[in-house]
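Novice: Chain residues, written in single-letter form:
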Amino acid sequence: MARFSELTGPTVPAEPEVVTRIDAGQRRRRFWFRVQFVLVWVVLIGLLVGALWASDKIDPSFIGTWAPFILAGAGLTIIICAGSIVLATGLALVGAIARLSPNPIIYSVASLYVSIVRGTPLLVQIFFIYFALPQLGIVLPALPAGIIALGFNYGAYMTEIFRAGIQAVPRGQREAAEALAMPEGLVMRRIVMPQAIRIVVPAIGNEFIAMIKDSALVSTISVTELLWRASSVGNQNFRTLETLLIAALVYWLLTMVFSLFQERLERRMARSDR
Amino acid sequence: MTFRGRLALVLGATLALTGCNLLPGGQVDIPNVVCVGEATTYLDWLNGDLQPDEQDPISQPASTSGDLLEQVRQAGVLRISTDQNYAPQSFLQPDGTFVGFDIDVGTRIAEGLGVDVEFTHVDWDLITAGNWAGRWDISVGSMTITTPRKEILSFTQPYYYTPAYLAASTRSGITSVDQVPFELPTGATATTLPTDANCIESIQAGRPEFDLLITSGTVIDGAVAAGQPIVKIGEPIYQENLSVAIDKSGPPHAALLYEIDRIIGEMHADGSLTQLSQEWFEGEDLTQVATP
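Respectively, the protein sequence lines represent chains A and B.
Going from the first sequence to the working numbering is simple: count from 1 and add 26.
Going from the second sequence to the working numbering is simple: count from 1 and add 108.
To be clear, the hints were calculated from the coordinates, so they are not data collected in a lab.
Check before you lean on any hint, since a few could be wrong.
Said to hold, decoys possible - The calculated label-pair distances, taken between Cβ atoms and stated as ranges, are:
hint	chain 1	residue 1	chain 2	residue 2	range
1	A	Asp299	B	Ala313	24 to 32 Å
2	B	Ala170	A	Thr146	45 to 53 Å
3	A	Val120	B	Arg315	33 to 41 Å
4	A	Leu73	B	Ala313	19 to 27 Å
5	A	Leu73	B	Gly391	47 to 55 Å
6	B	Ser284	A	Ala98	21 to 29 Å
7	B	Asp233	A	Ser127	39 to 47 Å
8	B	Gln201	A	Ile104	46 to 54 Å
9	B	Phe206	A	Gly116	44 to 52 Å
10	A	Ile223	B	Phe206	40 to 48 Å
For glycine and all other residues, C-beta sits at the position ideal for the given N, C-alpha and C.
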């Protein structure tokens, strides 16, 4: 439903003054709420940074020498996440449709995949692909092994999310499409999937944010990404406090940026609800 | 019980417990735990299981066809594994490159073979476990030759020798072996961390589980120079032969082993190993067999 202020046309009456004043009041309150939110964050973070500075245990020149090397690892982290997101989304779409299939063989295979991958820890899967597969003759370099492990793992979780999203689309939509003699593929592609994607965007966004943080596990197989660099430099120079703070800060910023994108996407998709 | 009664009981118990911790003479209690790296010979020594060895005799093979040497020459690059946190043998620079004694020796070996060099940084216990799955060709990582390791890895002649030393944290106040309140190695309990460098970090972090550690003399010297709170105590407990290793479960490598052995022999003869050792180990030449 559109706001009074968004109505257009020749017969629309002037907006009553009481509505304008209520709107303006709400906007003012929201604005000041946000200002105070930012202020509290600035104060809390400022106190934390100030306390660390005053304790004199942080060496700024050390941070200056090593920060470029550590931050360069963020690039590899982003590459790992991007690769895993693509793989996971592909697996999830196929898996969700398989999990809804009336064919017992397809359904069972997909269920087995989801059950095994959700039932074993991600770290075990990463080690398995990198260390155990060579015993069977499959040797993968570290970076592809990490991306495949992450993508495989998150594909299983996202399969269930997509499946739930597809099932949440009102049955009436599918019935109406079938009444128009739409073939099954077109029903999925033009009617069900777009609505399903709108429903699952918050959950999928959460999964991607979790994936950004889980990419740190790939450091255990010697991929020279952010955490590997931070812990190598920290251990070598006996200054893990500085390096791990840098790594934590970068992960936090990455997830914040991603959350902002997700919020905007959700707002854009919810426009038709108003 | 009244509030004051409970307070008195708790305070009394705390004082009693702290009093019990102080031995007569006011000496700090030293746990009989010694820290070592997991996949190192220092653990073997503590368990009474050290089996140091010489390398097997190396002879030139009849042909080089199908050998790892040919694969390396064809690829144009020698892939070497090393531990990235083992100053001064191999450690990181701010621009992302690795430097150190092992890095320099590895680079010279690749030059001798006429190929480029590429360093892979791998966990130490993966290197000593064998089964490298072809991820890298050789290991130049200050690996000690021992009988169990010879079953899964082929070794060249040693490129240098280091003494293994006992070291103590400064807070324990130990400066000589006589001050250690238990027998070594029989009375000691070993605790392991992934590598012996982690033991020094633990002491620096103030962990109370152990005050003694065993590692190579060069690592202790490097740590003391970096200002870490440890001291080297006593004489070396044993000498290590440190060599280049190749995985026996990989492709046939008799020719590569012979070539690398020959290159190391040349480096010993023309003094370049001595020069590298003096550069990285503060003027000490560790490439000669120590006189007993």
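Novice: Any hints this thing doesn't respect? Which numbers, in order?
Specialist: 1, 3, 6, 8 and 9
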